[in-house]
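Protein chains: 2
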Amino acid sequence: MVSEGEAFCPGHVTAFFEVREDPDPRKKGSRGAGLCLSLGVRTVARVRDDSRASIDVIVNGRRQRADVTRRVAEKILGDRSCEVKILSETSLPVSQGFGVSAAAAVSTALALDDALGAKIPRDELVAVAHETEVECGTGLGDVVPASIGGMDLRLKPGAPGYAEVRTFPVEAELLLAVIGAEMPTKTVLRDSKKVAAINRIGGALVDEFSENPTLERLFELGVRFAEGTGLADKRVLEVIRASRMFGRATMAMLGHSVVATGNRQQLATLYLKFGTLQRCEVDNRGARVL
Amino acid sequence: MVSEGEAFCPGHVTAFFEVREDPDPRKKGSRGAGLCLSLGVRTVARVRDDSRASIDVIVNGRRQRADVTRRVAEKILGDRSCEVKILSETSLPVSQGFGVSAAAAVSTALALDDALGAKIPRDELVAVAHETEVECGTGLGDVVPASIGGMDLRLKPGAPGYAEVRTFPVEAELLLAVIGAEMPTKTVLRDSKKVAAINRIGGALVDEFSENPTLERLFELGVRFAEGTGLADKRVLEVIRASRMFGRATMAMLGHSVVATGNRQQLATLYLKFGTLQRCEVDNRGARVL
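Line by line, the protein sequences give chains A and B.
Quick note: the first sequence uses the numbering used here, first residue 1, plus one each step.
Quick note: the second sequence uses the numbering used here, first residue 1, plus one each step.
Because the hints were derived from the structure by calculation, they are not lab data.
Careful, some of the hints might be misleading.
Pairs count within a copy or across copies, as identical chains cannot be separated in the list.
Here are the computed lysine to any residue pairs in the SDA-like style, where the Cα-Cα straight-line distance is at most 20 Å [claimed, not checked]:
#	residue 1	residue 2
1	LYS85	GLU182
2	LYS85	ALA181
3	LYS273	ARG42
4	LYS194	VAL206
Could you put the whole structure together from the sequences, leaning on the hints where they help?
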């Protein structure tokens, strides 16, 4: 018997954050703030009962290692013996701060649960995705906000059950501009000096944002974070500053990329000098079975 | 001893083409016409003498199978025993008609020859790249024009020595818009009905273009090819037609994408409704060692 499930999870941009360590990956994570994107990952899980269990992960038509997605699928499957195909599609680039690994993990958990008819509680599916992202070192805080939608303020880190997240519906058109090479999250989080700078600045910004959590403030504090931590290189800073004439931009953490809102035509003309451009809205619905 | 070579090869968009079969991969290829892009692939080849020969291919920081690049490197190496790292960087997407595999192959051939100090004639390096693209089924006609630069009219197919190519320097700003899923060249060329339609229409267009090879004509005939062959889906046709108000667009063969020229701001606003956008110029210099 073949059964299928399908799910979508929005991409997610973090504007600023601090790392919170914990030996338990469900408690470990980040405090921070960001936005969910109407661009994200759409995943079909196709399951066939078979004595020889296997998991194939195919992203945009190509077979991939995709460790996070694969491990999430293994956990959801448990001791079932099935032939599983995970088919994910996304137009977002990886390692550019758009939360693609988190969106792949969440959409895989939801789609596979649906295909299996397992009816695992949604919070547990999201927790599995969070835990696996943390274990793989590919992200710390995208999973939970991406599952909810809107603009988020993450006051306590971790998976559902531990996290404290406030979300705010926001209507905004966004431009996403990729202006440099990929920035693997793992590489940045291994650098203890960078993490120290992130935590020194990020924690205070989370507190400051909680007093007045507006979209405008998110961008303003994001720029302070990008500048203060040294995560933004010269090119990113140049693009952020030039954006002020036409709107607001901040760096997508962690990527050589920016997210912006404002006069679309003028921002687009500016960004096309620097790199690749996409348009989207804020997703206020969060991850969902289709 | 460690030595390095570095090379760039422009991306290449084909507007229309016909397939020319031949058992010899240096004679097989396509007749057609297209444009070289100032975006392309930059490759560093790093070579260390070692008794254990190995080839690692790393694209945008990720280890890849990259069959075409790997086989080109094997051929250039011959019976030398070296540890080889091929590090390619590109901001162009794959399988969207921008000739990324060809640009990777050519830049690898040039960079590795330079690193080895092998001084293989340039035509032979380009021929190795063409032959390997054909063997791998990833392309038929991008290698030779990408090595030369400009706008091209390919009158006879194949590698240098067999190909007859006329090239024209063109000053134009281009927009590249990706509006759908990847379209692996291999999949299209395996479909005999599609190839029959391509050849029925493409051959005549090559002859027509040779009478008046201008940029305007390239776009005009490209649209006829996209429509007539059925390679363009509804979305691509919609985008091409909507572009007429602000300039000219045609489909990038073979991809769910278009290349356009005209009023940049207005075209950009249009394309951002559909997908991912990049700006570049025509590259009139062709592949080169850096």
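Does the structure break any of the earlier hints, and which numbers would those be? Hints that this structure does not satisfy do not exist here, as all of them hold.
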